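A.B. asks: Here the protein sequences come in this chain order: C and Y.
Residue numbers for the first sequence follow numbering that gives the first Met the number 0, beginning at 0 and rising by one.
Residue numbers for the second sequence follow numbering that gives the first Met the number 0, beginning at 0 and rising by one.
A hint or two may mislead.
[Claimed, not checked] Derived lysine-lysine pairs resembling DSS-like cross-links, with alpha carbons at most 25 Å apart:
| id | chain 1 | residue 1 | chain 2 | residue 2 |
| --- | --- | --- | --- | --- |
| 1 | C | 326 | C | 39 |
| 2 | Y | 435 | C | 110 |
| 3 | C | 110 | C | 39 |
| 4 | C | 105 | Y | 355 |
| 5 | Y | 308 | Y | 435 |
| 6 | Y | 308 | Y | 46 |
| 7 | C | 39 | Y | 46 |
| 8 | C | 105 | C | 39 |
| 9 | C | 326 | C | 105 |
[Claimed, not checked] Partner residues aside, some chain C positions facing chain Y, computed with beta carbon under 7 Å:
| id | residue |
| --- | --- |
| 10 | 61 |
| 11 | 66 |
| 12 | 238 |
| 13 | 241 |
| 14 | 300 |
| 15 | 313 |
Bear in mind the hints are in silico, worked out from the structure with no lab data behind them.
Since the structure is predicted, the reported quantities are computational estimates derived from the model, not experimental observations.
Cβ atoms here follow ideal geometry from the backbone N, Cα and C, with glycine treated the same way.
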Amino acid sequence: MGIDLPLIWAVIILFGIMMYVVMDGFDLGIGILFPFVPAKEDRDVLMNTVAPVWDGNETWLVLGGAGLLAAFPLAYAVILSAFYLPLILMLVGLVFRGVAFEFRFKARAGKRRWWDHAFIGGSVTAAFFQGVTLGAFLNGMPVEGGNYAGGAFDWVSPFSLFTGVALVAAYALLGATWLVMKTEGRLQMRMRSLARPLAWLMLAVIIAISIWTPLAHEAIARRWFSLPNLLWFAPVPTLVALVTWRLLRELGGEGHASPFVLTLGLLFLGYTGLGISLWPNVIPPDISIWQAAGPPQSLGFALVGALLIIPVILMYTAWSYWVFRGKVRHGDGYH
Amino acid sequence: MEPLALLLARIQFGFTISFHIIFPALTIGLASYLAVLEGLWLRTGRKVYLDLYQFWIKVFAVAFGMGVVSGLVMAYQFGTNWSNFSRFAGGVTGPLLAYEVLTAFFLEAGFLGVMLFGRERVGPALHFVSTIAVAVGTLISATWILASNSWMQTPQGHEIIDGRVVPVDWFRVIFNPSFPYRLAHTVTAAYLATALMVGGAAAWHLLRGRDNTRVRTMLSMALWMLLAAAPLQAVIGDQHGLNTLEHQPAKLAAIEGHWERTPEGEGVPLKLFGWPDMQAEVTRYAVEIPRAGSLLLAHSWDGQIPALKDFAPEDRPNSTVVFWTFRTMVGLGVLMIALAFWGLWLRRGQRLYARKNFLRFAVALSPAGLVAILAGWYTTEIGRQPWIVYGLMRTADAVSPQHSTAQVGFTLALFVVVYLVVFGAGTAYGLRLIAKGPAGDEAERPAWGGPGETRTPMRPLSAAPEDDQAETDIRADAAKEGDRDGH
């Protein structure tokens, strides 16, 4: 039997993380955009566009963690130790914004602002430290004897701080285009006008990371710019340019759902680019998915469940989104 | 790893999971309660069930939100603070956790939105299905996480190859010896904790003179649940104890503060109270019942149980702690059973809703289920020490080796501050919701009298029926209550 279990698991985890970035991305983005929408009723609408689904979105992050532990225990141990502080700060951010969904509707008027701040601060913190972790992950980490061998602050670098800010911008764009789709009238206009500069910012960020990464990492540069590869990968930057151009046009026009879909495309392309840069390492710079894989008995057992259940999850998740389709108006929600 | 950093990591884990465990316990119980309420509403069409549903779902949502975010922390803490454990045992705990996410977390999260916000959008049948899906999700979640925890307590079905656990028989891994007892004990505890909270809330409203069908239904349902679950829990706990005696004898000896084996044929006394002294290797100030230990723990007149001195000092769990956490749990369990049977007794003639001492007792016991869960959890987890995976890996070897005391200390302080703020506020909101009470159409409030009907303390006493002694009792109580509350 030639089933490459680590390979399949790597694909599942990559898929899980992508689902997370795509789905929690826009609801984190809403928190990032909160400061630009001061009115209480508008903020209620923003919250209510995601209140029924945010919890499911965040579950993909838990799947990422659990999948990593199940399939690549070594990577789970090393990565989580290496990024101890940024990950815990991210979790603290997620704690604050997660409870804010319920608490701000149940708080008295005076306290509600406090939970608004918790929602903003938590969303920005979580997004920023996810980006920082991503950047530090690209930079790689030293491993000795199966343990992380670096220091507590190795994750701090100009590049990782930049990717932190970049992810905040990306989530903000996702949030803004999601809200273009889910709101109407004045609020929707506001989101359109916010999304345009964010789209430009996003393009700038993608270009910067595309230049910075190969400059800093010779192996990544080799992968992208050696000859057969270059042709295979050329569509990625080309598509980025096309999608951004289209996105800017749609934002200026009448499109409701299309800006969000295009932003998702943009994010997917960026994610693909990262995947190409890193493959097949699960602990950069040089521990591959096969070296970090757990026992095949564990991978096989968990795989049965994953392959059977993930399609079902996607089905009822889609159903739940479908139930809450359409625009959200003032006064919607159960509170 | 410095010893202080290990201690801080253990405190951090104990602290974060102590907060976490409260919320799943409540959501397991409340989700099933909500499913029952909605089912009853669909079946009978009585609005009281829908009113109660709409009331408790708000408390459920608050508890669920806090459970999700604190659980998220747990999922990552295994790697951040316990990386050696994750690498060693990830082959078993990883797939079990992955199955929990796949079969439970997504199910709960996916249908929670419909449950909370979708009543107008999907119609009653699909909404009911969503409620059931969430309730089933909470139970599935408990099953996987307890399979994982039980495996750490009583591991089997694995081999150790190259210094890490390799599962060889998943059936034996999941259905390890302590799993059925632990699962039954924990789920029953969740139902008990919820019943006590719901019943305590109803009693509190009754004591404040807010008597209506909704509050009565709450109290009545909670007490039926308590009556079914509290004695059952005692039986399950007893069986769980026998299992611990067989598989984790050191834990049992520590729970009993039992240092020396008694001579053959003499039987083990039961220490009701005392102070196990780990240094001097004796239990001081012990109050004992002769032979009761043998009877309770080994189910025989002269059955032997292992003694702490059978184990090397470095292999003994801390008896001082588990001796008392265990007694806290059992003591509260006895009080729960007392409340359940007192309630049953008072049902004759509707005294349930008016006997103030009973209602005060119910209010006093409303947090007892959660306290007992924490006490029981400390007993089983501290009783497992010094092992993280019983007999296979010591806790001291499980911790992430690279973190400094400062780093773990900083994150511990961060969690303490954040948790106290966030979950303090959440508890306040939850209590405020409960204090508001279930809303309903006040016009449906019927006149005083008759089984299952409401009494209205504001009504003139002369309107009360005279023929029933029990009703007269209520009337007397109501009069006192009315005076105090100014009705």
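A.B. asks: Confirm or reject each hint.
C.D. replies: Hint by hint, here is what the structure shows:
Among the hinted pairs, residue 326 of chain C with residue 39 of chain C is consistent with the structure: their alpha-carbon atoms are about 18 Å apart, no more than 25 Å. With a C-alpha separation of about 18 Å, the suggested pair residue 435 of chain Y and residue 110 of chain C falls inside the 25 Å cut-off, and the hint holds. Annotation: proposed proximity of residue 110 of chain C to residue 39 of chain C holds, straight-line Cα distance about 13 Å (limit 25 Å). With a C-alpha separation of about 31 Å, the suggested pairing of residue 105 of chain C with residue 355 of chain Y is violated against the 25 Å cut-off.
A distance of roughly 55 Å separates the Cα atoms of residue 308 of chain Y and residue 435 of chain Y; the hinted pair therefore is violated under the 25 Å criterion. A C-alpha spacing of about 61 Å is found between residue 308 of chain Y and residue 46 of chain Y, which places the hinted pair above 25 Å, so the restraint is violated. As the CA atoms of residue 39 of chain C and residue 46 of chain Y are separated by approximately 33 Å, the hinted pair breaks the 25 Å bound. For the hint linking residue 105 of chain C to residue 39 of chain C, the alpha-carbon distance of about 14 Å falls within 25 Å, and the restraint holds.
Proximity of residue 326 of chain C to residue 105 of chain C is assessed by CA-CA distance (about 24 Å); at most 25 Å being required, the pair is judged to hold. The closest approach between the C-beta of residue 61 of chain C and any C-beta of chain Y is roughly 5 Å, which is under the 7 Å cut-off, so the hint is satisfied. A hinted interface residue such as residue 66 of chain C counts as satisfied when its beta carbon comes closer than 7 Å to some beta carbon of chain Y; here the least separation is about 6 Å, so the hint holds. Taking 7 Å as the C-beta contact cut-off toward chain Y, the hint placing residue 238 of chain C at the interface is violated, the least distance being around 31 Å.
Of the supplied interface hints, the one on residue 241 of chain C is violated, with its beta-carbon coming no nearer than about 34 Å to a beta-carbon of chain Y, more than 7 Å. Interface hint status for residue 300 of chain C: upheld, as the beta-carbon distance to the closest one in chain Y is roughly 5 Å, under 7 Å. Below 7 Å, beta-carbon pairs count as interface contacts, and residue 313 of chain C has none with chain Y, the closest being about 9 Å; its hint is therefore violated.
Consistency note: the structure conflicts with the earlier hints numbered 4, 5, 6, 7, 12, 13, 15.
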